[in-house]
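Colleague: Sequence:
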Amino acid sequence: MDLTIITVNWNGEEFISACLQSIMNARQNLKIQVIVVDNASKDNSVALVKRGHPEVELVCSDKNLGFGKACNLGLKKSLGDLVMFLNPDVSVAKNTLSTIVHFFSQHPTVGGVGCKIKGIDGQVHPLMIQQFPSPFLEFIKLFAINSKIMKAIGIHLPQKNPSISGEVVKLSGACFTIRREILIKLNGFDERFFMYCEDGELSKRIVEAGWELYYLAETEVVHNQGACSRKAPKGFSTLMQCNSFEKYIEKEYHRFGALRYRFYMFIGSLLRMSISITAIIFALLLKRNSMQIWERRIAKNWLIFKWSIFLAKPDIPD
Numbered sequence: 000m001d002l003t004i005i006t007v008n009w010n011g012e013e014f015i016s017a018c019l020q021s022i023m024n025a026r027q028n029l030k031i032q033v034i035v036v037d038n039a040s041k042d043n044s045v046a047l048v049k050r051g052h053p054e055v056e057l058v059c060s061d062k063n064l065g066f067g068k069a070c071n072l073g074l075k076k077s078l079g080d081l082v083m084f085l086n087p088d089v090s091v092a093k094n095t096l097s098t099i100v101h102f103f104s105q106h107p108t109v110g111g112v113g114c115k116i117k118g119i120d121g122q123v124h125p126l127m128i129q130q131f132p133s134p135f136l137e138f139i140k141l142f143a144i145n146s147k148i149m150k151a152i153g154i155h156l157p158q159k160n161p162s163i164s165g166e167v168v169k170l171s172g173a174c175f176t177i178r179r180e181i182l183i184k185l186n187g188f189d190e191r192f193f194m195y196c197e198d199g200e201l202s203k204r205i206v207e208a209g210w211e212l213y214y215l216a217e218t219e220v221v222h223n224q225g226a227c228s229r230k231a232p233k234g235f236s237t238l239m240q241c242n243s244f245e246k247y248i249e250k251e252y253h254r255f256g257a258l259r260y261r262f263y264m265f266i267g268s269l270l271r272m273s274i275s276i277t278a279i280i281f282a283l284l285l286k287r288n289s290m291q292i293w294e295r296r297i298a299k300n301w302l303i304f305k306w307s308i309f310l311a312k313p314d315i316p317d
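Numbering (numbering that gives the first Met the number 0), first residue to last: 0 to 317.
Hints in this document: simulated from the structure, not taken from any laboratory. Among the hints, a few may not be true.
In silico DSS-like links for lysine-lysine, alpha-carbon gap of 30 Å or less [what the hints assert, rightly or not]:
id, residue 1, residue 2
1, K233, K184
2, K49, K299
3, K76, K62
4, K41, K299
5, K184, K230
6, K76, K93
7, K184, K30
8, K250, K305
Simulated restraints on C-beta separations [what the hints assert, rightly or not]:
id, residue 1, residue 2, range
9, E207, E54, 34 to 42 Å
10, Q27, G51, 53 to 61 Å
11, R295, G118, 48 to 56 Å
12, L57, P232, 20 to 28 Å
13, R50, I266, 28 to 36 Å
14, K30, R50, 35 to 43 Å
15, M290, S104, 50 to 58 Å
16, K75, M23, 44 to 52 Å
17, I276, N94, 27 to 35 Å
From the three backbone atoms N, C-alpha and C, an ideal C-beta is built for every residue, glycine too.
Let's have the full structure, built from the sequences with the hints guiding it.
Modeller: In structure tokens:
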């Protein structure tokens, strides 16, 4: 078996069929296995998969396991030499699967491969910052400061040009492929991460095990970004990101590092709310129509502030 593709579904009836159909259109002469792990969906997505894609192996959980744990459930049933983890709101371009399989066969030191990711608007998504989370890095990212300003004050966030193939230090969870032997040896994803950070954490362990990670610009998938997470309760994604980054930082920097991260989020959220309130005042004075943007930013940072002082946490959706 050349390739196993694992997709974790949670109430994805709007896009799961398009995802699976794109896989079938792109399979060419490859021997592939497609596994859908369903996280206790309450919509019609399981019925759609059963009716429209009988070739797919369906694994149904009786509760929402999150991304990493569900992927590991699919991994137990995988047969392919390579395993691709693919979001259900992603469609695969025609030559992507064969290009990835061929690349692995020609590069025995490569353990994982990532794809070029485009939005539904055709814009290429920037690659993740090629640096692992730290308390201070996450504080800096809160402000998304102009890169020229950051370089001037001695801060550099390494990023890779998405139009050029090359070695990277971490892969994006929307679509990445790893040798099955590595996943088995590393016991798959760390199941402490319900959602977010699990791709970076696994990337780090793959590199530490002596393998290379590679980004292939000649491959392509289209990602309807946020389509899955928008189905979760309001504020869930923001709070879960905070939780997952804290877990990652605690794993790497111990409890003191996690407490520093909370403190930085506390300071950062207050600063950002102050900036947003100031911007709203100017918008009112100048009669600009930008208030809604700043109001959304205040709401998000209010959640981060509450999380930082232990007054809010993500409720796992059923």
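Colleague: All the hints need checking, so say for each whether the structure fits it.
Modeller: Structure-based check of each hint:
no.	hint	verdict
1	K233 <-> K184	37 Å, violated
2	K49 <-> K299	38 Å, violated
3	K76 <-> K62	19 Å, holds
4	K41 <-> K299	27 Å, holds
5	K184 <-> K230	34 Å, violated
6	K76 <-> K93	25 Å, holds
7	K184 <-> K30	23 Å, holds
8	K250 <-> K305	23 Å, holds
9	E207 <-> E54: 34 to 42 Å	37 Å, holds
10	Q27 <-> G51: 53 to 61 Å	21 Å, violated
11	R295 <-> G118: 48 to 56 Å	19 Å, violated
12	L57 <-> P232: 20 to 28 Å	26 Å, holds
13	R50 <-> I266: 28 to 36 Å	52 Å, violated
14	K30 <-> R50: 35 to 43 Å	24 Å, violated
15	M290 <-> S104: 50 to 58 Å	55 Å, holds
16	K75 <-> M23: 44 to 52 Å	23 Å, violated
17	I276 <-> N94: 27 to 35 Å	50 Å, violated
Hints 1, 2, 5, 10, 11, 13, 14, 16, 17 from the list above are not met by this structure, while the remaining hints are.
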